[in-house]
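Here is what each chain is made of, one letter per residue.
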Amino acid sequence: MILRVLFLILGLSAIAGTSWLGYYGIGRDSTDLDKSVRAGSAGRVIGTGGRIK
Amino acid sequence: MTLSRAIRAINCTNCGAGLDVLGGGRVSTHVCPYCGAALDAQDNYRVIAQYDRTARPDSPLRLGMSGQINGVTFTVIGSIAWVERYAGQEWVWVDHQVFSPSHGYAWLTVEDGHLIFSRRYRKPTEPDFITSVTVERSESRPMVRTEADKYTYYETSTAMITYAEGEFNWTPKVGDRATAVSLLGDEDMLSFEQSATEREVELSRWLPPETYAVFGAEAPARASRNHPLMPYKNLRLPRYYLLAAALLAILAVIVGLGLSTRQGVVVARLPAVPISTLPVELSFTLSDTEKLTQVAIETDVSNSWAYIEVALTDPDDRPVFEAGREIGFYHGRDGDGAWSEGSRNSTLQFHAPMAGNYLLELTLAESGTWQRSGAALDRISVTVTEGRSSGLWLYLLAGGFLLVPGLILLRYSLANKRRWSGSDWVDEDDDDDD
Chain A
1 MILRVLFLIL GLSAIAGTSW LGYYGIGRDS TDLDKSVRAG SAGRVIGTGG RIK
Chain B
54 MTLSRAIRAI NCTNCGAGLD VLGGGRVSTH VCPYCGAALD AQDNYRVIAQ YDRTARPDSP
114 LRLGMSGQIN GVTFTVIGSI AWVERYAGQE WVWVDHQVFS PSHGYAWLTV EDGHLIFSRR
174 YRKPTEPDFI TSVTVERSES RPMVRTEADK YTYYETSTAM ITYAEGEFNW TPKVGDRATA
234 VSLLGDEDML SFEQSATERE VELSRWLPPE TYAVFGAEAP ARASRNHPLM PYKNLRLPRY
294 YLLAAALLAI LAVIVGLGLS TRQGVVVARL PAVPISTLPV ELSFTLSDTE KLTQVAIETD
354 VSNSWAYIEV ALTDPDDRPV FEAGREIGFY HGRDGDGAWS EGSRNSTLQF HAPMAGNYLL
414 ELTLAESGTW QRSGAALDRI SVTVTEGRSS GLWLYLLAGG FLLVPGLILL RYSLANKRRW
474 SGSDWVDEDD DDDD
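Line order of the protein sequences matches chains A and B. Take 1 as the starting number for the first sequence in the working numbering and just add one per residue. Take 54 as the starting number for the second sequence in the working numbering and just add one per residue.
Just so you know, not all the hints are guaranteed correct.
[Unchecked claim] These stretches of chain A come out as covered by chain B in the derived footprint (C-beta under 8 Å, 3 or more residues):
{"no.": "1", "stretch": "11–19"}
{"no.": "2", "stretch": "25–31"}
[To be verified] Here are the computed lysine to any residue pairs in the SDA-like style, where the Cα-Cα straight-line distance is at most 25 Å:
{"no.": "3", "chain 1": "A", "residue 1": "K35", "chain 2": "B", "residue 2": "T250"}
{"no.": "4", "chain 1": "A", "residue 1": "K35", "chain 2": "B", "residue 2": "E375"}
{"no.": "5", "chain 1": "A", "residue 1": "K35", "chain 2": "B", "residue 2": "F337"}
{"no.": "6", "chain 1": "A", "residue 1": "K35", "chain 2": "B", "residue 2": "R61"}
{"no.": "7", "chain 1": "A", "residue 1": "K35", "chain 2": "B", "residue 2": "K226"}
{"no.": "8", "chain 1": "A", "residue 1": "K35", "chain 2": "B", "residue 2": "A364"}
{"no.": "9", "chain 1": "A", "residue 1": "K35", "chain 2": "B", "residue 2": "S399"}
{"no.": "10", "chain 1": "B", "residue 1": "K226", "chain 2": "B", "residue 2": "T250"}
Hints in this document: simulated from the structure, not taken from any laboratory. Don't be surprised by glycine CBs; every beta carbon is placed ideally from N, CA and C.
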């Protein structure tokens, strides 16, 4: 009997836990978003007069 | 002549060998295991036939062995080897006639290492009898009902006796043929057997390998993995867990559907604009950083494709992400009818790092058409929604809940398929698969 109640509690807890994840969309961000993006110009390189070479 | 109960042995009237008499008063034939003479037990053991001794079958059971089956002691009194040949294949088995002074005659069959116990079935069946002709004329698997069970057609076999020794309550003749139509029930098999002289209905049941030891015999080194009468080993998982798992799965799906269908709040919408206006920027304000924000792109591609680049910058004008989406939709008609693949829509989801004003930039990187019927991308629309949820994890959890009952069901289905794999009936559905 205890095992049966435990099984039900575990099952309902799992539903509650995944409902929380699902409600906030945790782990559901698109996986192909490139977040390593250049923020803008690096600016002038000091001492080169603006030239790399 | 009827033997006195006191007589336990006779001498073969052909070769003089001593023969044990084990089979009770209804024995009609006694085949001498030493010389092969078939003796008429009802007529002073007169020689009625002479059989070859060289084809003695290989069986763990021997004449005179005794053991208990379902609490009844039976003694092996006779052995008959059978062979069935069909389409170049050959099946052999040995029937041992067994006798109990209180329960009469029965059969122990050794087949592919398995031990099968058969008794005459005397109760009514519906229909009364099934012959191979009935099977040939039937358009679906023939069925037979008894008081206790329902039986479905399994196979028809015509076999020939190749060897006989010991006592029998009938007269087996080497070379004689008999046809049996077998139907399979939940736990046993009903066989309608017909030879040149008699018809009989038998009920057969699989016996565990330990039965060999009960008879003082050694079990064969190997037995085939499958026999249609082998019982299905049911997993002892209480019904409660199966039911509870199914109900939890339903609950998880319901909650998952509730989350999936949450629409969220539309924070920006770009109506269908001509593609010539791209690149285009869309500004919007996000306030919900806890839940998902979704960018939904809709196009009018038709047998064509487009690659859209998307870039998002945050309220501090820093890039949040860049992404690309290839959107392609193809359709047509072929010999199987109309078909389509791909989609005109695409979405991307993210959690906003902070509340504030964001800027979404869309650029058309590439586009093209497929075949002459292709219509190039003409218009595009974008909708940004915040406060969205996802039901995916709950659907996966429902799958997890259903895994155990699903596996049990799959196991039962595979066992049932294997059980029927030896049947000679081919259903039309099976035929289509070939």
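Self-check item: Hint numbers not upheld by this structure, sorted from lowest to highest
Solution: Those not satisfied are hints 3, 6 and 7.
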